Amino acid sequence: MTSAPAAYGRVLDLVTRVRGVRGAMLVAGDDGLVVAEQLMEGIKGPAVAALAASLASRLRRAMEAAGVGAGQFWHLQAEQGALLVVPAPSGVVVVAVAEPDVNVGLVRLELLRAAEAVG
Amino acid sequence: MTTRAIEPWIFEPLVKFVKEAGARLVLLMTSAGQVLAQHGFSRAVDVMSAAALGAAIMASTDEIARQLRQPPFAALNHQGERHGIFLAAVATGRGRLVALVVYDLDVSSLGLVQLFFEQLAVDLQAASPKDSVPKQVLAADFERELSDSLNTLFGR
Amino acid sequence: MADDVKALSAELAQDPDSLVFLRLGELLRAKGQLDAAHRVALTGLERHPHLADAHDLYARILADKHDFERAFDEWDMTLRIAPDHVGALKGLAFLYFKVGDVQQAAAHLEAAQRVAPDDPGIVQALALAHGGEGGPGPASPAPEPMASSPAAQPLEEARVFAGLEGAQEGLLLLDPSGRVLGGALKDPAGRDVTDAVAAYLAGVSQEAGRAAKLLGLGNWTGLAAEGQHGHVHLTPPTGSALLLVVRERAVPMGRLAIIAQRAAVAARRWLEAQA
Numbered sequence: 001m002t003s004a005p006a007a008y009g010r011v012l013d014l015v016t017r018v019r020g021v022r023g024a025m026l027v028a029g030d031d032g033l034v035v036a037e038q039l040m041e042g043i044k045g046p047a048v049a050a051l052a053a054s055l056a057s058r059l060r061r062a063m064e065a066a067g068v069g070a071g072q073f074w075h076l077q078a079e080q081g082a083l084l085v086v087p088a089p090s091g092v093v094v095v096a097v098a099e100p101d102v103n104v105g106l107v108r109l110e111l112l113r114a115a116e117a118v119g
Numbered sequence: 001m002t003t004r005a006i007e008p009w010i011f012e013p014l015v016k017f018v019k020e021a022g023a024r025l026v027l028l029m030t031s032a033g034q035v036l037a038q039h040g041f042s043r044a045v046d047v048m049s050a051a052a053l054g055a056a057i058m059a060s061t062d063e064i065a066r067q068l069r070q071p072p073f074a075a076l077n078h079q080g081e082r083h084g085i086f087l088a089a090v091a092t093g094r095g096r097l098v099a100l101v102v103y104d105l106d107v108s109s110l111g112l113v114q115l116f117f118e119q120l121a122v123d124l125q126a127a128s129p130k131d132s133v134p135k136q137v138l139a140a141d142f143e144r145e146l147s148d149s150l151n152t153l154f155g156r
Numbered sequence: 001m002a003d004d005v006k007a008l009s010a011e012l013a014q015d016p017d018s019l020v021f022l023r024l025g026e027l028l029r030a031k032g033q034l035d036a037a038h039r040v041a042l043t044g045l046e047r048h049p050h051l052a053d054a055h056d057l058y059a060r061i062l063a064d065k066h067d068f069e070r071a072f073d074e075w076d077m078t079l080r081i082a083p084d085h086v087g088a089l090k091g092l093a094f095l096y097f098k099v100g101d102v103q104q105a106a107a108h109l110e111a112a113q114r115v116a117p118d119d120p121g122i123v124q125a126l127a128l129a130h131g132g133e134g135g136p137g138p139a140s141p142a143p144e145p146m147a148s149s150p151a152a153q154p155l156e157e158a159r160v161f162a163g164l165e166g167a168q169e170g171l172l173l174l175d176p177s178g179r180v181l182g183g184a185l186k187d188p189a190g191r192d193v194t195d196a197v198a199a200y201l202a203g204v205s206q207e208a209g210r211a212a213k214l215l216g217l218g219n220w221t222g223l224a225a226e227g228q229h230g231h232v233h234l235t236p237p238t239g240s241a242l243l244l245v246v247r248e249r250a251v252p253m254g255r256l257a258i259i260a261q262r263a264a265v266a267a268r269r270w271l272e273a274q275a
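Protein chains in written order, with the numbering used here: chain A, 1 to 119; chain B, 1 to 156; chain C, 1 to 275.
Accuracy of the hints is not assured; some may be wrong.
To be verified - Below, in silico cross-link-like pairs of lysine-lysine (PhoX-like), each with a Cα-Cα straight-line distance of 25 Å or less:
| id | chain 1 | residue 1 | chain 2 | residue 2 |
| --- | --- | --- | --- | --- |
| 1 | C | K6 | C | K31 |
| 2 | B | K16 | B | K130 |
| 3 | C | K31 | C | K98 |
| 4 | C | K6 | C | K65 |
| 5 | C | K31 | C | K65 |
| 6 | B | K19 | C | K213 |
| 7 | C | K65 | C | K98 |
| 8 | A | K44 | C | K213 |
| 9 | C | K213 | B | K16 |
| 10 | A | K44 | B | K16 |
| 11 | A | K44 | B | K19 |
It is worth saying that the hints were derived from the structure and are not from the lab.
Fair warning: this is a prediction, and the values are worked out from it, not measured in the lab.
Here chain A stands alone, though its shape is the one from the complex (with noise of 0.2 Å):
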């Protein structure tokens, strides 16, 4: 497991090191805020967290009132880009802000990888 806030950089990079990857981030999954971020300018990092943490909150319920269980990996679609997330044990959500023609089965790898190090 990783907890100092130095070693949540390497985990980042982790994720940031993938093409097409704008920013990484871990965010607090109950509260919404940044634990720790690794953007490119222009991305609002709170922003992100907040809706990203809202986002599979809601996901969670309905995904849980299917009975397909707790959700491990999560991919927003849109015009132009895409959010993917991966909840940690911990309560910690990481979240990558990607291009939309962005490798996915890659990030998804390396996001699992940076859950499973956050713990």
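Given chain A's structure and the hints, the job is docking chains B and C onto it.
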């Protein structure tokens, strides 16, 4: 749930904030605890006590900041099991106002409240009359002013 | 009985969100206090707009008030929320019988009988329908024709995803307020979870739209998620409707996206036909 404002320029920014942040209760008041707008309260007595308590908390933290020789704290948040309470000041053309926000953790979060509170501050600043200062309320007029305000806040 | 009304009213006043309004509304309707029943049902509907039983209660009250067109709409809505709702199937059968469309009345009664085979009322009504194919007697009132309503079509044809894989357990089409337009959803244990999921999905879609917009990503086009026991794919087939596809974990996400695309085409076609 109803939103009501004594001063009309507050109404639209407040309605937008309530919707976006998913706030359950909101009070906007002066630093002295005079309520200018409310959302979600159903009883006048609740508004009066919440306003008094909110203004008192703000006054206490302002004093702590002063003793620490720091600028006033931007915001306070108390999180319970099901609800959160967010208290923050906002500068407007009508002077410094205090916002008390109660939100359900099921439908909102501190992140969402903070995010949309920033927008509320911008909207209030833009909408507020620039050339006026809050009217001083004389003790003799206080009860009548309070009663008028509560009537407006509850649509009576 | 007055005491019951009083007790139920008190219970409702204490907890306005409770479902006790269903019992109170039905009791008032049975007592013939239709205006009071109407008020109770409407207030309940405001708080529980996605509850099939609330629409069914309101429809029964409207039918008692001889407002047959609105009763038809409410039972139609009940079936959109809960396609196997026996009360709504019987109610619509009653209305069809009243306007002389015995064939549709019988079709709805047969659908009701499939859900509740032991209901003696349905057996009797079916016997009446089959025995009176010539239409209702001259004493029956004849409200405005309702044959143009979607529910007047044969039930199978009205299904949005007819012919698509998983149409009855893993596809769901909703309107912007989370009301079911077509399809159905069952959890891995086979329980019908359509209503519960529909209620949550409207919030998910609003949040997806808001997040994409505020983060400068443009309009959202889809939301795919992996769960412990299954995968889901959510997409807006038109500007306002919402389509959900759910499959077990064995179905890869890419294949799920293809299934969702096909279902979106069917949904768009159906929505255009309804417009």
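These are the hints, each one checked on the structure:
Using a Cα cut-off of 25 Å, the hinted pair K6(C) and K31(C) holds, with the two alpha carbons roughly 13 Å apart. Distance check on the hinted pair: K16(B) and K130(B) sit about 21 Å apart at the alpha-carbon level, within 25 Å; holds. For the given pair, K31(C) sits about 23 Å from K98(C) by alpha-carbon distance, which is consistent with the 25 Å threshold. At roughly 23 Å between alpha-carbon atoms, K6(C) and K65(C) fall within 25 Å of each other, so this suggested pair holds.
Proximity of K31(C) to K65(C) is assessed by CA-CA distance (about 13 Å); at most 25 Å being required, the pair is judged to hold. With a CA separation close to 16 Å, the supplied pair K19(B) and K213(C) stays within the 25 Å bound. Taking the CA atoms of K65(C) and K98(C), the gap is near 15 Å; set against the 25 Å cutoff, the hint holds. Between K44(A) and K213(C) the CA atoms are separated by roughly 13 Å; this keeps the pair inside 25 Å, and the hint holds.
A threshold of 25 Å between alpha carbons decides the hint, and for K213(C) with K16(B) the separation of about 16 Å falls inside it, so the pair holds. Between K44(A) and K16(B) the CA atoms are separated by roughly 20 Å; this keeps the pair inside 25 Å, and the hint holds. With a C-alpha separation of about 21 Å, the suggested pairing of K44(A) with K19(B) holds against the 25 Å cut-off.
Hint compliance for this structure: no hint is broken.
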